[in-house]
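This is what each chain is made of:
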Amino acid sequence: QKEVEQDPGPLSVPEGAIVSLNCTYSNSAFQYFMWYRQYSRKGPELLMYTYSSGNKEDGRFTAQVDKSSKYISLFIRDSQPSDSATYLCATSLGSDMRFGAGTRLTVKP
Amino acid sequence: GAVVSQHPSRVICKSGTSVKIECRSLDFQATTMFWYRQFPKQSLMLMATSNEGSKATYEQGVEKDKFLINHASLTLSTLTVTSAHPEDSSFYICSAREPSGGAETQYFGPGTRLLVL
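These protein sequence lines are chains A and B, in that order.
Just so you know, we're using my numbering here: the first sequence kicks off at 371 and counts up by one.
Just so you know, we're using my numbering here: the second sequence kicks off at 336 and counts up by one.
Just so you know, the hints here were simulated from the structure itself, not pulled from any lab data.
Note that this is a predicted model, so its numbers are computed, not measured.
Misleading hints may appear alongside valid ones.
Below, in silico cross-link-like pairs of lysine-lysine (DSS-like), each with a Cα-Cα straight-line distance of 30 Å or less [as the list claims (entries may be wrong)]:
hint, chain 1, residue 1, chain 2, residue 2
1, A, 478, B, 376
2, A, 372, B, 401
3, A, 426, B, 376
4, B, 349, A, 372
5, A, 437, B, 376
6, A, 478, B, 390
7, B, 355, B, 390
8, B, 399, A, 440
9, A, 440, A, 426
Derived Cβ-Cβ restraints for the label pairs, each shown as a range [stated by the list, open to error]:
hint, chain 1, residue 1, chain 2, residue 2, range
10, A, 385, B, 405, 40 to 48 Å
11, B, 403, A, 397, 25 to 33 Å
12, A, 428, B, 364, 26 to 34 Å
13, A, 381, B, 420, 32 to 40 Å
The beta carbon of each residue, even a glycine, is placed where N, CA and C say it ideally should be.
Starting from the given sequences, assemble the full structure and let the hints guide the process.
Below you can see the structure in the form of structure tokens.
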């Protein structure tokens with residue numbers, strides 16, 4: 371079993387749609403939960419991070435963590451073509467960071 | 336956010352040659368840097384953790400004699416792929432973490448695409 375499971379997609383939505391991206395993790399000791407966005411042939415850039423269960427909102431992005439079910443989500447409202455990228459979830463314990471496989475998202479105009 | 340650079344961004348080499356990739360933290364001193372590799376449509380896999388002034392810590396299954404890591408200063412870590420073979424072709428990404436920072440202070444470089452012919 372992978373430590374972080376993420377559906378690789380691909381996921382294609384029309385512009386303006388709400389996007390839901392999800393991951394599950396296996397190690398309940400993980401403390402930090404991150405979402406990265408990676409454009410093609412580029413390094414990942416941090417979108418959002420949370421430390422505890424609950425929601426965290428930043429503009430059109432909302433990160434949600436449910437530690438009891440080891441489930442993390444990223445919601446994108448009013449999706450734009452510029453949101454087209456691969457989104458990677460990650461969990462961390464100290465300096466040990468584990469990534470999901472990444473979900474490739476395409477937002478069509 | 337902080338900036339991490341990598342050089343070169345792309346390299347093509349013949350089988351059997353060695354390739355050096357540099358990773359620099361441009362606006363902070365990084366006592367710890369990380370090296371990942373990423374195959375197409377797959378996630379980042381941690382190869383090794385590079386600590387300034389000491390030996391790198393390699394993940395299980397990563398050959399330390401093949402992937403030489405040197406972290407000679409607080410702003411520079413290098414990864415040398417020795418005697419590269421076609422199966423080493425991949426996207427190599429480094430990251431650097433701010434001292435005393437949490438996971439949210441780990442910044443990634445733009446990656447180096449290696450193609451071994």
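Now the hints, each set against the structure:
{"no.": "1", "hint": "478/A <-> 376/B", "in the structure": "holds, 20 Å"}
{"no.": "2", "hint": "372/A <-> 401/B", "in the structure": "holds, 26 Å"}
{"no.": "3", "hint": "426/A <-> 376/B", "in the structure": "holds, 28 Å"}
{"no.": "4", "hint": "349/B <-> 372/A", "in the structure": "violated, 34 Å"}
{"no.": "5", "hint": "437/A <-> 376/B", "in the structure": "holds, 27 Å"}
{"no.": "6", "hint": "478/A <-> 390/B", "in the structure": "violated, 47 Å"}
{"no.": "7", "hint": "355/B <-> 390/B", "in the structure": "holds, 17 Å"}
{"no.": "8", "hint": "399/B <-> 440/A", "in the structure": "violated, 34 Å"}
{"no.": "9", "hint": "440/A <-> 426/A", "in the structure": "holds, 16 Å"}
{"no.": "10", "hint": "385/A <-> 405/B: 40 to 48 Å", "in the structure": "holds, 47 Å"}
{"no.": "11", "hint": "403/B <-> 397/A: 25 to 33 Å", "in the structure": "holds, 30 Å"}
{"no.": "12", "hint": "428/A <-> 364/B: 26 to 34 Å", "in the structure": "holds, 28 Å"}
{"no.": "13", "hint": "381/A <-> 420/B: 32 to 40 Å", "in the structure": "holds, 35 Å"}
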